[in-house]
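Engineer: Turn these sequences into a full structure, and let the hints steer you where they fit.
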Amino acid sequence: MKKINVNGKMHTVDADPSTPLLWVIREQLGMTGTKYGCGVAQCGSCTVLMNGEAARTCVIPLSAISNQKIETIESLEKQGQLSKIQKAWVQHEVPQCGYCQSGMIMATTALLRKKPKPTDADIDEAITNICRCGTFQEVRAAIHSVAKS
Amino acid sequence: MNQLLSTPTRRQFMGGSTAMGFGLALGIPMLSSPTQAVAADAAPEIGVWVVSQPDETVVVRIVRSEMGQGTLTGLAQLVAEELECDWSKVTTEYPTPGESLKRKRVWGSYSTGGSRGIRESHEYVRQGGAAARMMLIQAAANTWGVSADQCTAEKGIITHSASARKISYGKVADAAAKLPVPAPAQIKLKDPKEWKIIGKRIPRLDTRNKVNGKQIYGIDLQFPNMLIANIKECPVFGGKVKSFDATQATSMKGVKSVLQVGETAVAVVAETFWQAKTALDKVNIVWDEGPNAQVSSESIGAMLQEGLTAQQAFVGNKAGDMPAALASAAHKTEGVYFYPFLNHAPMEPMNATALWTPERCDAWVPTQDGEASLASVIAAAGIPSDRCDVHKINLGGGFGRRGAFQDYTRQAVLIAKQMPGIHIKLIWTREEDMTQGRYHPVMACKLTGSFDANKNLTGVHMRLSGQSILAAVRPAVLEQQKGRDPLVFQGVADAGEHAFGYTFPNLLIDHAMRNPHVPPGFWRGVNANQNAVFFECFVDELAETAGIDPIAFRRKYMGDFPRNRAVLDAVAEKIGWTKKPAKGVFRGVAQMKAFGSFVAAACELSVKAGKVKIHRIVAATDPGYAVNPAQIERQVSGSFVYGLSALFEQECTVKAGRIVQTNFDTFGSMRIAQMPKVETIIIEGGGAEWGGIGEPTICVAAPAVLNAIAKATGKRYRTVPLKNHGLTLV
Numbered sequence: 009m010k011k012i013n014v015n016g017k018m019h020t021v022d023a024d025p026s027t028p029l030l031w032v033i034r035e036q037l038g039m040t041g042t043k044y045g046c047g048v049a050q051c052g053s054c055t056v057l058m059n060g061e062a063a064r065t066c067v068i069p070l071s072a073i074s075n076q077k078i079e080t081i082e083s084l085e086k087q088g089q090l091s092k093i094q095k096a097w098v099q100h101e102v103p104q105c106g107y108c109q110s111g112m113i114m115a116t117t118a119l120l121r122k123k124p125k126p127t128d129a130d131i132d133e134a135i136t137n138i139c140r141c142g143t144f145q146e147v148r149a150a151i152h153s154v155a156k157s
Numbered sequence: 019m020n021q022l023l024s025t026p027t028r029r030q031f032m033g034g035s036t037a038m039g040f041g042l043a044l045g046i047p048m049l050s051s052p053t054q055a056v057a058a059d060a061a062p063e064i065g066v067w068v069v070s071q072p073d074e075t076v077v078v079r080i081v082r083s084e085m086g087q088g089t090l091t092g093l094a095q096l097v098a099e100e101l102e103c104d105w106s107k108v109t110t111e112y113p114t115p116g117e118s119l120k121r122k123r124v125w126g127s128y129s130t131g132g133s134r135g136i137r138e139s140h141e142y143v144r145q146g147g148a149a150a151r152m153m154l155i156q157a158a159a160n161t162w163g164v165s166a167d168q169c170t171a172e173k174g175i176i177t178h179s180a181s182a183r184k185i186s187y188g189k190v191a192d193a194a195a196k197l198p199v200p201a202p203a204q205i206k207l208k209d210p211k212e213w214k215i216i217g218k219r220i221p222r223l224d225t226r227n228k229v230n231g232k233q234i235y236g237i238d239l240q241f242p243n244m245l246i247a248n249i250k251e252c253p254v255f256g257g258k259v260k261s262f263d264a265t266q267a268t269s270m271k272g273v274k275s276v277l278q279v280g281e282t283a284v285a286v287v288a289e290t291f292w293q294a295k296t297a298l299d300k301v302n303i304v305w306d307e308g309p310n311a312q313v314s315s316e317s318i319g320a321m322l323q324e325g326l327t328a329q330q331a332f333v334g335n336k337a338g339d340m341p342a343a344l345a346s347a348a349h350k351t352e353g354v355y356f357y358p359f360l361n362h363a364p365m366e367p368m369n370a371t372a373l374w375t376p377e378r379c380d381a382w383v384p385t386q387d388g389e390a391s392l393a394s395v396i397a398a399a400g401i402p403s404d405r406c407d408v409h410k411i412n413l414g415g416g417f418g419r420r421g422a423f424q425d426y427t428r429q430a431v432l433i434a435k436q437m438p439g440i441h442i443k444l445i446w447t448r449e450e451d452m453t454q455g456r457y458h459p460v461m462a463c464k465l466t467g468s469f470d471a472n473k474n475l476t477g478v479h480m481r482l483s484g485q486s487i488l489a490a491v492r493p494a495v496l497e498q499q500k501g502r503d504p505l506v507f508q509g510v511a512d513a514g515e516h517a518f519g520y521t522f523p524n525l526l527i528d529h530a531m532r533n534p535h536v537p538p539g540f541w542r543g544v545n546a547n548q549n550a551v552f553f554e555c556f557v558d559e560l561a562e563t564a565g566i567d568p569i570a571f572r573r574k575y576m577g578d579f580p581r582n583r584a585v586l587d588a589v590a591e592k593i594g595w596t597k598k599p600a601k602g603v604f605r606g607v608a609q610m611k612a613f614g615s616f617v618a619a620a621c622e623l624s625v626k627a628g629k630v631k632i633h634r635i636v637a638a639t640d641p642g643y644a645v646n647p648a649q650i651e652r653q654v655s656g657s658f659v660y661g662l663s664a665l666f667e668q669e670c671t672v673k674a675g676r677i678v679q680t681n682f683d684t685f686g687s688m689r690i691a692q693m694p695k696v697e698t699i700i701i702e703g704g705g706a707e708w709g710g711i712g713e714p715t716i717c718v719a720a721p722a723v724l725n726a727i728a729k730a731t732g733k734r735y736r737t738v739p740l741k742n743h744g745l746t747l748v
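Order-wise, the sequence lines are chains A and B. First residue of the first sequence: 9, per my numbering; consecutive thereafter. First residue of the second sequence: 19, per my numbering; consecutive thereafter.
To be clear, the hints were calculated from the coordinates, so they are not data collected in a lab. Think of the CB as a built atom: it goes at the ideal place given N, C-alpha and C, for glycine as much as any other residue. Don't take every hint at face value.
[To be verified] Reference excerpt, derived from the structure (chain A facing chain B, CB under 8 angstroms, subset only):
1. Cys-46
2. Trp-97
3. Gln-104
4. Cys-108
5. Ile-131
6. Gln-145
Structural biologist: Put into structure tokens, the structure is as follows:
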């Protein structure tokens, strides 16, 4: 049994300490917005925030979690109100299949908290997620539109 | 939006349905009579494509699969245009393939590949919308005791202007549902000039849940008491399980079962994915790898090399007398090209959920073809077709992997059959996904151009040597064609939706079929990908021999193909072809007809110390009709990400009979930093043929870039991916 802080709530989970945080979030907590894509921290579909930093949960074992504050995609929409970034995603119609977008949005959330007005180079450095549909043109436009708003 | 299942209460049959006459290639038997069950509380079904709810919501039936390409919204636009409903009230639903089967396939094909979703169904879905409108108007006219001709409909409101009476669709829906469905011959579709919803940049219907984590994909499904399975197929294609020792795995926490799946795979069923995966890693499996264990990329390369000069070959396109042109040539230009195996690698790995009992089998499948999934379920379940069904779930990408190939569905059912009464969700690891693909076919190509003494081109021979997808997937087609695979010639075919866009005095395009054991599949763009690389790069080589500008050279031979010419001209103009590029910047172009659309691309790039920076790509596409220009733009730029990822970073190589690359670390995919600026030109050429959107443009990105790299470096790269030549996309 282990206590973890996810989206402002303490959850008690029962899983092998080697279990990646991704699968704890998906299977123990039942929050499926965070996605499995590669399991080797390449694609970023599993990105959440840990103490405000973008983290790829497919390679972080439960044993490495102590009192970090974990935020998942499910935390961004509050009382039916999308976050600014999510609104920009809707406005720019970023998602195609949508599978990678939770990770893309969480990585962007981390970036914009640190750098509210990122340059293209900042975006290139911070957003390294894979999107096989190829939504990058819209992702970039959406990020800049949030920075301008 | 209700994307899920049509409820049994809507299982009413209106008669007069579109009779999709073609036989089921999938082997699903036809049922003799449709279901006729109308529940009292049924939401009225107006024809087969539209359900009109009392609250004025309009439900449009969608049978093609949404996997990101926007077909769900586009198809709804087509229906809504003719229905004259209020677009803001439109929702969609997927009728199940089982329901379709019971109703004699009233909704036609479920197949979502070949960029066919809209282009092959636009007429009958528009007729479906029109039929519903006619029935709703007739119902209102009957209520008022007037002629339907005197009534009009707009935004879901029917008006009888002579008496200034109005009534909404929801109010007459019950009465309309009881009326006969007009036959297609009675339906007159709108002239495209009258379109108000088709052709507009209407926002997609499925965006919101894709930004807040709520969209449910196959991998996200949850059922009470569900168990999770993880599987390993024999890594050598064609091999099977010899034996396996599950002692250690069986004792691990959460593990419920370690079992063999068919002759070729072993699975672990556990409470969670991680338990199943870690336990499967501890199962000691001994494979009978069979004769293919000796195959390597080198041996496949040699097989293809032999085909380049083989006597026997299937002819795909021919004009004049090419052997004679070669015999009398004063000059020859030759190029040998190679295109590798590629994995689809959709972001969501293969998965399916199945529930089997002796009485019935259901599967929940992220599928590009619900009917193919159902055929697979019926075969694996051993249960009659009327007691099987498939529930389509959103796909985290498809790209051709999840249509004709239902191996993952079959596996889920075979596992569920061994654990009756329990929902089994089978999830593949990325490693399984990478090594158990249905790969882009491998192909080599030798091109020879013949010239006279004045460097005038006299002819071209294009010899393809490599794999046939249809030989593996649709052998019946090959039988009809006396062994020939017509699909191999996509983009260079003698006619049709993949017609060649040049006229040469002499021409021979032929194919020596060489089929390695690696299973081939339809990979976004299919055979147009390699044919565009081969031919459109070689055209630049011919232009160089002739000493003519690549676009001017192409135009010389495109007189018979004005729509190919129009897209080429459009990109040439927009990229500024006649103006000198900035210092260090080089340009390339390519054009082709693929999946019924005419496409071209022009790019500007620079190369420094092996680093390729693509500054911009201009793309033009003429699909005849543009149903949603905003989504077309996204498909074009997205297709370039897919195509350029392959060009620079991707290949699946073979060692000891198995695929070497196991994840995105060795099978790279483009990141945002590498994304070029893509500018899209949409040309609506009209005509009877509607072109596709999801795939056509992908094929021109790679040759346009390769042609520009040749200008920039002075080197012609004829094998891909470019990483093998030390070139990186930055």
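Engineer: If a hint holds in the structure, say so; if it does not, say that too.
Structural biologist: Verification of the supplied hints:
1. Cys-46: Interface hint status for Cys-46(A): holds (5 angstroms vs cutoff 8 angstroms).
2. Trp-97: Check passed: Cβ of Trp-97(A) comes within 4 angstroms of chain B, closer than 8 angstroms.
3. Gln-104: holds, 3 angstroms
4. Cys-108: Hint holds; Cys-108(A) Cβ to chain B Cβ min 5 angstroms, cut 8 angstroms.
5. Ile-131: holds, 6 angstroms
6. Gln-145: Hint holds; Gln-145(A) Cβ to chain B Cβ min 5 angstroms, cut 8 angstroms.
Every hint from the earlier list agrees with this structure, and none is contradicted.
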